[in-house]
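Let the sequences and hints guide you as you build the complete structure.
Which chain is which? The protein sequence lines are A and B, in order.
The first sequence maps to residues 1 to 350 in my numbering.
The second sequence maps to residues 1001 to 1350 in my numbering.
A hint or two may mislead.
[Stated by the list, open to error] Computed spacing ranges between beta-carbons, pair by pair:
#1 Ser1341/B / His307/A: 18 to 28 Å
#2 Glu177/A / Gly1280/B: 56 to 66 Å
#3 Asp183/A / Pro1148/B: 54 to 64 Å
#4 Ser15/A / Arg1086/B: 51 to 61 Å
#5 Ala126/A / Ser1341/B: 50 to 60 Å
#6 His1303/B / Thr234/A: 51 to 61 Å
#7 Thr189/A / Leu1286/B: 48 to 58 Å
#8 His1303/B / His307/A: 15 to 25 Å
#9 Leu286/A / Phe1349/B: 19 to 29 Å
#10 Pro1084/B / Thr288/A: 46 to 56 Å
#11 His1307/B / Glu177/A: 50 to 60 Å
#12 Phe1349/B / Glu48/A: 38 to 48 Å
#13 Glu137/A / His1303/B: 53 to 63 Å
#14 Asp289/A / Ser1341/B: 51 to 61 Å
[Stated by the list, open to error] Where chain B lies over chain A, by a calculated footprint (3+ residues, C-beta under 8 Å):
#15 72-86
#16 117-129
#17 308-315
It is worth saying that the hints were derived from the structure and are not from the lab.
Every residue, glycine too, gets a C-beta built ideally from N, C-alpha and C.
There are 2 protein chains.
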Amino acid sequence: MTNQHLVIMAGGIGSRFWPLSDEKTPKQFLDILGTGRTLIQLTLARFEGIIPIENVWVVTSEEYTDLVRQQLPEVLPSHILSEPERRNTAPCICYASWRIKKENPRANIVVAPSDHIIADIPAFQACMEGAMEFSAETDAIVTLGIRPTHPETGYGYIKADLSYSSSRLHGIFRVDEFTEKPDAERAETFVKTGNYLWNSGIFIWNVNTIINAFRVYCPKISQAFERMMPIYGTDKEQAAIKQVYDKLESISIDYAILEKAEEVFVCPANFPWSDLGTWGSLRNQLSTDAYGNAAVGAPTDFHETHHSIVHTQTLQRVVVQGLDGCIVAEHNGTLLICKLSEEQRIRLFH
Amino acid sequence: MTNQHLVIMAGGIGSRFWPLSDEKTPKQFLDILGTGRTLIQLTLARFEGIIPIENVWVVTSEEYTDLVRQQLPEVLPSHILSEPERRNTAPCICYASWRIKKENPRANIVVAPSDHIIADIPAFQACMEGAMEFSAETDAIVTLGIRPTHPETGYGYIKADLSYSSSRLHGIFRVDEFTEKPDAERAETFVKTGNYLWNSGIFIWNVNTIINAFRVYCPKISQAFERMMPIYGTDKEQAAIKQVYDKLESISIDYAILEKAEEVFVCPANFPWSDLGTWGSLRNQLSTDAYGNAAVGAPTDFHETHHSIVHTQTLQRVVVQGLDGCIVAEHNGTLLICKLSEEQRIRLFH
Chain A
1 MTNQHLVIMA
11 GGIGSRFWPL
21 SDEKTPKQFL
31 DILGTGRTLI
41 QLTLARFEGI
51 IPIENVWVVT
61 SEEYTDLVRQ
71 QLPEVLPSHI
81 LSEPERRNTA
91 PCICYASWRI
101 KKENPRANIV
111 VAPSDHIIAD
121 IPAFQACMEG
131 AMEFSAETDA
141 IVTLGIRPTH
151 PETGYGYIKA
161 DLSYSSSRLH
171 GIFRVDEFTE
181 KPDAERAETF
191 VKTGNYLWNS
201 GIFIWNVNTI
211 INAFRVYCPK
221 ISQAFERMMP
231 IYGTDKEQAA
241 IKQVYDKLES
251 ISIDYAILEK
261 AEEVFVCPAN
271 FPWSDLGTWG
281 SLRNQLSTDA
291 YGNAAVGAPT
301 DFHETHHSIV
311 HTQTLQRVVV
321 QGLDGCIVAE
331 HNGTLLICKL
341 SEEQRIRLFH
Chain B
1001 MTNQHLVIMA
1011 GGIGSRFWPL
1021 SDEKTPKQFL
1031 DILGTGRTLI
1041 QLTLARFEGI
1051 IPIENVWVVT
1061 SEEYTDLVRQ
1071 QLPEVLPSHI
1081 LSEPERRNTA
1091 PCICYASWRI
1101 KKENPRANIV
1111 VAPSDHIIAD
1121 IPAFQACMEG
1131 AMEFSAETDA
1141 IVTLGIRPTH
1151 PETGYGYIKA
1161 DLSYSSSRLH
1171 GIFRVDEFTE
1181 KPDAERAETF
1191 VKTGNYLWNS
1201 GIFIWNVNTI
1211 INAFRVYCPK
1221 ISQAFERMMP
1231 IYGTDKEQAA
1241 IKQVYDKLES
1251 ISIDYAILEK
1261 AEEVFVCPAN
1271 FPWSDLGTWG
1281 SLRNQLSTDA
1291 YGNAAVGAPT
1301 DFHETHHSIV
1311 HTQTLQRVVV
1321 QGLDGCIVAE
1331 HNGTLLICKL
1341 SEEQRIRLFH
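This is the structure:
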């Protein structure tokens, strides 16, 4: 398995978790679950034993490079790639792909966001190993699809024919269609029909498959990074990257490649997963009391309180009475109290 | 006016304002209004110009003596009297009265709690001066009565015949009756009839009047402090006080003297007053926004929030959304969120 590489994408700014996260410290760098490890540390730990540490890469923004070095000291410093500006996921993945190709032209790659939560690590690893084996042997672009537990409108969906399988496919299925975030009614239908999965944003492919896809569907982006092949790994790399980045199109890998490519497959996962996109989804990942309340940080007493989440950092004790469906979040001396139902407005409160 | 003395009672524990106040730092020692001065400092300042500082006395619990010295450095250290244990207001006032008599047998005394709020200082001082003049010339026990603004059930009421007045009386009226805290219906009647006032707990009398009243109505308490006359002001005082205190009856001045004495008068006050007995009464003393929200401490943004109070100490910023009639209080890293309507339960939350 020495060809197995991992790319952790860690450039997001996570403004939805303010005041915990902000542009200085996005959520992937926070111990948001109160486990003693940050989300990016949990992400790396999830691949322990299936991808060797010397094959791990992180793509992040320049301003977070130091945070990545501090939090993942075991990752080779030369494998921490810095983007001078945010250009969505396609340029990020294209850069990492060419950079890895220089080091290992036969690399097989998993691309994973740094801020997801997957508690069942053995199930996750089994799923990854099946997908990696498949992508190593084929030209398949593989995504991890999550069995929906409810008609979520916050995720894109993947339509697949899940009825046909064979041992050759390692439990992997051909994708019929990617859909954007549906409205409530469509989401309801998707969940009922049973052949729709949530698009997790975790991808598995070999380096030549993805580079060929970039050449076909995003030739400009691909050429920009191909031209730099001679200087990857040298002290000229960062300056050259700086020069090209602001000229690149800002586009997601989903739009740029996945929705256009022919050989796209999905590996359905049955384990619980969360992209921690909202306070509500974080509450779902935490242990709750009989009334649905969760607390991370200071010891918290709940009185006549329901479906609320208390997340504190510098506070030492919290007593809450009479709240229903609320977020109480404190970080570095800033306190937010907000209805969970209004959490999409948090970015306006900064 | 050199006979004018002031006794500030500062032994209360104020558990209703937890987590701001606790047994270590009761509310009289806190800047609860966010003015830069603690309640006891505001109390002393209220008498500036009408009672000389060398005639100011403070009675407090042993554990708060250092706090009083720190917060009122201008008060003579020998005038800070320490109670070894809490015995309600009668022993406290009796001790101060005998102690003052030793220093000035013709003293005229104002007794005031340390945790009240009176914003209109000129009106308060005019009222005090009238009452002090009256008590200096007569054997009258005078209390300050507050014109009720609403049918409050949390206060005792004083019934007086407010129809008769004369210039000799300095705007002071004879008390018909003291009543305990009434139920809502009786409080309503009291406010309607117009001859009931709130019992403020501020008293004015000359030292011989109150000592004679103690001799008649509480002879045991009075004798205990009279016996110590020779050692007041010596280094034996504190040890002697320690010996007698635990044998004294724990009783309020209202029960012990005011409800029994004959010559009891009331000085009606028209200025706003609060004993800051509840979070609700504190909110009424603060500037509020158009929706009835008040904040002390960190800059606070209110969104869709009504009739709430945010009181913070170590926090640096607060954003609140969707609260109605709530207390948000933080002190030394302890955060309380509680409905104002449930604030009587706060002492159970410690």
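Outcome of the hint check:
{"no.": "1", "hint": "Ser1341/B / His307/A: 18 to 28 Å", "verdict": "holds (21 Å)"}
{"no.": "2", "hint": "Glu177/A / Gly1280/B: 56 to 66 Å", "verdict": "holds (59 Å)"}
{"no.": "3", "hint": "Asp183/A / Pro1148/B: 54 to 64 Å", "verdict": "holds (58 Å)"}
{"no.": "4", "hint": "Ser15/A / Arg1086/B: 51 to 61 Å", "verdict": "holds (52 Å)"}
{"no.": "5", "hint": "Ala126/A / Ser1341/B: 50 to 60 Å", "verdict": "holds (54 Å)"}
{"no.": "6", "hint": "His1303/B / Thr234/A: 51 to 61 Å", "verdict": "holds (52 Å)"}
{"no.": "7", "hint": "Thr189/A / Leu1286/B: 48 to 58 Å", "verdict": "holds (53 Å)"}
{"no.": "8", "hint": "His1303/B / His307/A: 15 to 25 Å", "verdict": "holds (20 Å)"}
{"no.": "9", "hint": "Leu286/A / Phe1349/B: 19 to 29 Å", "verdict": "holds (23 Å)"}
{"no.": "10", "hint": "Pro1084/B / Thr288/A: 46 to 56 Å", "verdict": "holds (48 Å)"}
{"no.": "11", "hint": "His1307/B / Glu177/A: 50 to 60 Å", "verdict": "holds (52 Å)"}
{"no.": "12", "hint": "Phe1349/B / Glu48/A: 38 to 48 Å", "verdict": "holds (43 Å)"}
{"no.": "13", "hint": "Glu137/A / His1303/B: 53 to 63 Å", "verdict": "holds (55 Å)"}
{"no.": "14", "hint": "Asp289/A / Ser1341/B: 51 to 61 Å", "verdict": "violated (23 Å)"}
{"no.": "15", "hint": "72-86", "verdict": "violated (count 0)"}
{"no.": "16", "hint": "117-129", "verdict": "violated (count 0)"}
{"no.": "17", "hint": "308-315", "verdict": "holds (count 3)"}
Hint violations for this structure: numbers 14, 15, 16, all remaining hints satisfied.
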